[in-house]
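Starting from the known structure of chain D, arrange chain L on it as the hints suggest.
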Amino acid sequence: MAQKISFKDTDMQAVIGWVLRIGVIVSISIVFLGGIIFLYRHGHEIADHKKFVGIPDFIRTPGGIIDGVIGIRGQAIIQFGIILLIATPILRVIFSTIGFVLEKDRLYVCISLLVLLIIFVSTISGHAG
Amino acid sequence: MSVIIFTLIILIGSYFAGLLGSLTGLGGGFVIIPLLTLVLHVDIHYAIGASLVSVIATSSGSAAAYVREGITNIRLGMFLEIATTAGAMTGAILAVYIPTHYIAILLGVILIFSAIMSLRKKAEQIVEEPNKWALKLKLNSSYPTAQGTVNYSVNKVGGGFVMMIFAGILSGLLGIGSGALKVLAMDTIMRIPFKVSTTTSNFMIGVTAAASAVVYLQRGYIDPGISMPVVIGVLIGALSGSKILVHTQSSGWLRWVFAIVVTFLASQMIYNGIIGKI
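As given, the protein sequences belong to chains D and L, one line each in that order.
So that you can map any letter, position 110 of the first sequence is 110 in this note's numbering, and since no number is skipped, the others follow by simple counting.
So that you can map any letter, position 41 of the second sequence is 41 in this note's numbering, and since no number is skipped, the others follow by simple counting.
Bound-form chain D, shown alone (with noise of 0.2 Å):
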């Protein structure tokens, strides 16, 4: 090789922040806009959260969502944001991960890909629950 490439700490530190800052901003948006959208469609009704009854119909699938942001229904971009934003932390892990492999450092790559199993698992978890 002519060069080395060679990934630092610090390096990681850079890149880290700035998926945990362009996450939480953009998912932010997302859920600011759909919050315009869904209160100027339903600003006027009566809010009732007294009993626990899960979420409406439309947002509960994946794919319900994504037919709810095109038809832009407010709670369904809120939705999406989100998720987005739970998404933030986790995208942060794979981030990780990818820099411990660049700075060979198995131990740590073994670590990050045992936080992300953890993850997966309580995902599915909850859709059987």
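Simulated from the structure, these hints should not be mistaken for laboratory data.
Among the hints, erroneous ones may be present.
Simulated crosslink set (DSSO-like; lysine-lysine; CA at most 27 Å straight-line) [said to hold, decoys possible]: (1) L:K195 x L:K136; (2) L:K243 x L:K156; (3) L:K195 x L:K243; (4) L:K195 x L:K138; (5) L:K132 x D:K8; (6) D:K104 x L:K132; (7) D:K104 x L:K136; (8) L:K138 x D:K8; (9) L:K138 x D:K104; (10) L:K156 x L:K195; (11) D:K8 x D:K104; (12) L:K136 x D:K8; (13) L:K156 x L:K136; (14) D:K8 x L:K195; (15) L:K132 x L:K156; (16) L:K277 x D:K51; (17) L:K138 x L:K156; (18) L:K277 x D:K50.
Label pairs and their computed distance ranges (CB to CB) [as the list claims (entries may be wrong)]: (19) D:C110 x L:F264: 42 to 50 Å; (20) D:K50 x L:T145: 35 to 43 Å; (21) L:G159 x D:D9: 23 to 31 Å; (22) L:G158 x D:V101: 22 to 30 Å; (23) L:S267 x D:I25: 32 to 40 Å; (24) L:E69 x D:K50: 23 to 31 Å; (25) L:F264 x D:Y40: 34 to 42 Å; (26) L:I12 x D:I25: 18 to 26 Å; (27) D:E103 x L:A65: 19 to 27 Å.
Where a beta carbon is used, it is the ideal one built from N, C-alpha and C, also for glycine.
Frame of chain D; chain L shown alone:
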């Protein structure tokens, strides 16, 4: 109450929650659950879901800044995230089987504990005795201070790890960041400098909350109409809090005010839990 009024009240309440949470270091999601359940009579399931989402937003937002400054110990965070995410998953699963009034009581207890924790004095401690596991896991590190780079070692890795499982379970069960418990584990058990433990705890909170949020999302706890004003309010509040912190150093009296407010809300949660109103 119309949706627009409901949204505005939550927005304003969440703004102050985020502001105080960031000024005192307790985190924004902290007073959100009592605010929603006690004041607005929202079902506790929705309150937990919305709080969890706001926790992810504030933790990720502030972690972005801390990570760049190089104070956060990324390896330590990653390693302990095994414990917190596994705990959070367990907590979210347990939540189905625990009656809500027990959850309200437990939340009240944890709120009071965290308020007390936020009042104690913070002395920087630097330990430099080598620990076998800390060496193997490359946890020992350094951080920048005004006096130059300071090296530190990590103690009792096993004990800290176990404490983090516990912190994760509470986070998943109650929809809070449980930052106070995370800091406690790193401060008093692992004996890490305070600045490092605070920022590393904050760094871990987002992933921990995400691990249980994926469960709650599918169970319908995360309602867009409630989560939207909460997450926006808390985030803007936390941002203005961090701006104020740069200008004013001491916030001793503010901690006391917040601790008293939190303790009051917490006892209300416990009381309502005991009489079965939540």
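Hint check:
1. Simply put, L:K195 and L:K136 have alpha-carbon atoms about 23 Å apart, close enough for the 27 Å limit, and the pair holds.
2. For the proposed pair L:K243 and L:K156, the alpha carbon gap of about 36 Å is over 27 Å, so the pair is violated.
3. Note on L:K195 and L:K243: the hinted pairing holds, with a Cα-Cα distance of about 18 Å set against a maximum of 27 Å.
4. Only pairs whose Cα atoms come within 27 Å are accepted, and L:K195 paired with L:K138 is accepted, the gap being roughly 19 Å.
5. Annotation: proposed proximity of L:K132 to D:K8 holds, straight-line Cα distance about 24 Å (limit 27 Å).
6. At most 27 Å may separate the alpha-carbon atoms for a hinted pair to count; D:K104 and L:K132 meet this at roughly 22 Å.
7. Distance hint between D:K104 and L:K136 is fulfilled; the C-alpha atoms sit about 16 Å from each other, no more than 27 Å.
8. At most 27 Å may separate the alpha-carbon atoms for a hinted pair to count; L:K138 and D:K8 meet this at roughly 15 Å.
9. For a cut-off of 27 Å, the pair hint linking L:K138 to D:K104 stands: about 14 Å separates their Cα positions.
10. For the given pair, L:K156 sits about 19 Å from L:K195 by alpha-carbon distance, which is consistent with the 27 Å threshold.
11. This hinted pair checks out: D:K8 and D:K104 have alpha carbons roughly 10 Å apart, not beyond 27 Å.
12. At most 27 Å may separate the alpha-carbon atoms for a hinted pair to count; L:K136 and D:K8 meet this at roughly 19 Å.
13. Taken as a hint, the L:K156 and L:K136 pair is honoured in the structure, with Cα atoms around 13 Å apart against an allowance of 27 Å.
14. Of the supplied pair hints, the one linking D:K8 and L:K195 holds, its CA atoms being roughly 22 Å apart against a limit of 27 Å.
15. Taking the CA atoms of L:K132 and L:K156, the gap is near 9 Å; set against the 27 Å cutoff, the hint holds.
16. Of the pairs offered as hints, the one joining L:K277 and D:K51 holds, with about 12 Å between alpha carbons and a cut-off of 27 Å not exceeded.
17. With a C-alpha separation of about 14 Å, the suggested pairing of L:K138 with L:K156 holds against the 27 Å cut-off.
18. Between L:K277 and D:K50, the direct Cα distance comes to roughly 12 Å. Compliance with the 27 Å bound is thereby established for this hinted pair.
19. For the pair D:C110 and L:F264, the beta carbons lie near 46 Å from each other, so the given range of 42 to 50 Å is met.
20. Between D:K50 and L:T145 the beta carbon distance is about 51 Å. The supplied range of 35 to 43 Å is therefore violated.
21. The hinted range of 23 to 31 Å is satisfied by L:G159 and D:D9, whose Cβ atoms lie roughly 26 Å apart.
22. Against the hinted window of 22 to 30 Å, the Cβ-Cβ separation of L:G158 and D:V101 comes to about 27 Å, which satisfies the hint.
23. One distance hint, 32 to 40 Å for the beta-carbon pair L:S267 and D:I25, holds here, with the actual separation near 38 Å.
24. Here the CB-CB span from L:E69 to D:K50 is close to 44 Å, at odds with the stated 23 to 31 Å.
25. A hinted range of 34 to 42 Å for the beta carbons of L:F264 and D:Y40 is consistent with their spacing of about 37 Å.
26. At about 23 Å, the beta-carbon gap between L:I12 and D:I25 stays in the expected band of 18 to 26 Å.
27. Our hint of 19 to 27 Å for D:E103 and L:A65 holds, since their Cβ atoms are close to 23 Å apart.
Of the numbered hints given earlier, the model fails hints 2, 20, 24; all others are met.
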